[in-house]
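Novice: Chains A and B, in that order, are what the protein sequence lines are.
Numbering follows my numbering, in which position 2 of the first sequence is assigned residue number 2; successive positions increment by one, without gaps.
Numbering follows my numbering, in which position 454 of the second sequence is assigned residue number 454; successive positions increment by one, without gaps.
Calculated from the structure, these hints are not laboratory results.
We put the beta carbon where it would ideally sit given N, CA and C, even for glycine.
Among these hints, one or two may not hold up.
With the Cβ distance kept under 10 angstroms, some of the chain B side facing chain A (calculated, not the full set) [claimed, not checked]:
| # | residue |
| --- | --- |
| 1 | 93 |
| 2 | 121 |
| 3 | 132 |
| 4 | 150 |
| 5 | 165 |
| 6 | 187 |
| 7 | 345 |
| 8 | 456 |
| 9 | 460 |
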Amino acid sequence: MAFSAGIVLLGIGLVAIAIRRDLVIKLLALGLANAGSILCLVAIGDRPEARVPICAVCRDAVYADPLPQALVLSAIVINFAILALALVFVMRLVEHYHSTDSRRIEGLVQRDLREGGRS
Amino acid sequence: MIVVVLPLSHFVLGLFCYAGKRAARALAAVGWCLGAALTVFLMLETRDGSTVTVVLGGWSPGLGIELRFDAFAAVFFPLVLLLELAVILYVRKDDHRPLFYALLQFLLGAVFALLLTQDLFNTYVILELLTLVSFLLVGYERRPAQIWASLKYLVLASIGMSLFLIGIAVVYRHTGTLNLHLLADALSSSGDARWVALAGALLTAGVAVKAGLFTFSLWLPAAHSEAPSAISALLSGLVIKMGIVVFLRLSQLFPLELTLQVLGAATALLGAVYAAYAIDLKRMLAFSTLSQIGYLVLGMAIGTPAAIVGVLGYAVAHGLFKGLLFLAAGEASAVVGSGQFRDLAARRAEIPNATVGALLIGTLGIVALPPLAGFAAKAVLLTSHPGPFIMAVFALTSVGTTFAFSKLLPVFRFRREPKRKSARLAAYSVLSTPILFFIPLAAAAFPGLRLSPSAWPLLVLESVGAIAVGVLLHRLTERRAPRLPGSIFFLEESTLAILIGLLLVYALLRG
């Protein structure tokens, strides 16, 4: 169930990146897609009637698999870093081109390259 | 112990690079010496074909992360060291901020770590680290075109890694382990085709984004051509090869032959066509990287041990000559003030002879003139009995590569020049030497390597023939250059291409 929800989130994110032209929305969609993949990873640690794997005395109880949860921590931190850096770069682009429209920026970049050559 | 120190030392040195410019330069040299010493030690240790293995944290191999210095690592470590040395020498006189050196160290540390790790999730983390560091390095000079190229790279690579992560989830769900060796056993015993295909498709798609495969890596031409030249050399020579290494490891787990064949052929041909009609030197080199990656992946699709040796050899050879080409192209375009072939040819007199010499050696290497690096590696691949389809794509790619590099012919004119020395000569010679003497050096480093001498005259003929056809075609069609569509490299189209590619790979794996 949660696994499918993760896939759906990922799908929504990817489609939004592909069709929305605003860079900030694209990055939000990227965050959504990444969250979806993380949800998938958490979901596979689940077992029927499992409890949270935090315990002082772990006996006779069913606990969720702790390994995916450990992996998820790294993935969350990485995705946070990616979004933060991407936003900084979007900021620089906006300062220069005064637009967050990806098509427009692509066109302006191409024009700059044609005119200026490479320095 | 050493396999832990080697990657980690680069990260620690990288942190100290912030102390200042001088310190950063000194630390870069220290890092290289340390890396070289440890690599030599490890290679001597494993000379008899054994491996050095460490499981971190004292866990059992199923739980802990396993680091292993194996044959792949032994092949790639010398390449890493050569490129590292060349780049350090190349940027020696430039005024780079400490951040540049710090990122350089992180990049190399991550490359070492990826070559050693035998854990799927660790691979994911290191690939993400490579993405982040190369993203910062591509945009290092802060030109808007660079920032845009690196942003596209980051978004697409992040999408790819999301797919990779879900692939990891599927694999872990069904096997309960992430160690590559334990996975190989688990996958061969439990053969439910449905989830194996799903996991294989997701992991393949994720790595393909990083490795430069069509339809997944449409970020590559912009990022590799816009990056500062020293960084382009590392990206094209090294970082992209890390995707190939992960592919090599994955192809031992999943039945990827057909997938690799289709993706490899598409990448090789698309890259060759775009390279043939590029008007800018660095952009042409970036497209050529795409086509060479396709070549490598096709070699992988042959699947025999001999072909794997050929793939490893060609990956190293390509790293050497593409690194050299990017470094020399960077200096040439900086001197002329433009990277377009037209301007380079018109203002040839301003480019130092050493730079053009480096370009020439790199070109001869990549078009596989015997007996340089490109030819030696291709010879191994061609003698590993590829099928007729793969053989045809190989031939077309070779011709296409020569065709594309023929545009440099007007630049290759040498006359005596007044005393004007290139400051980058040291960097060029570090990479030129192994290109020129690839066969004896490879034989010395890997005594087990054998080339079958009986096929050599035929291979030489083939190679020279491909070069001749390529140059001739270029001469005949010089005046007519079609405009190829550029919109597939936009962010939106590239995202869609990843989705389509994912479905294609899944269909191929379900067969």
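Novice: Under the constraints set out in the numbered hints, which ones does this structure not fulfil?
Specialist: 1, 6, 7, 8, 9
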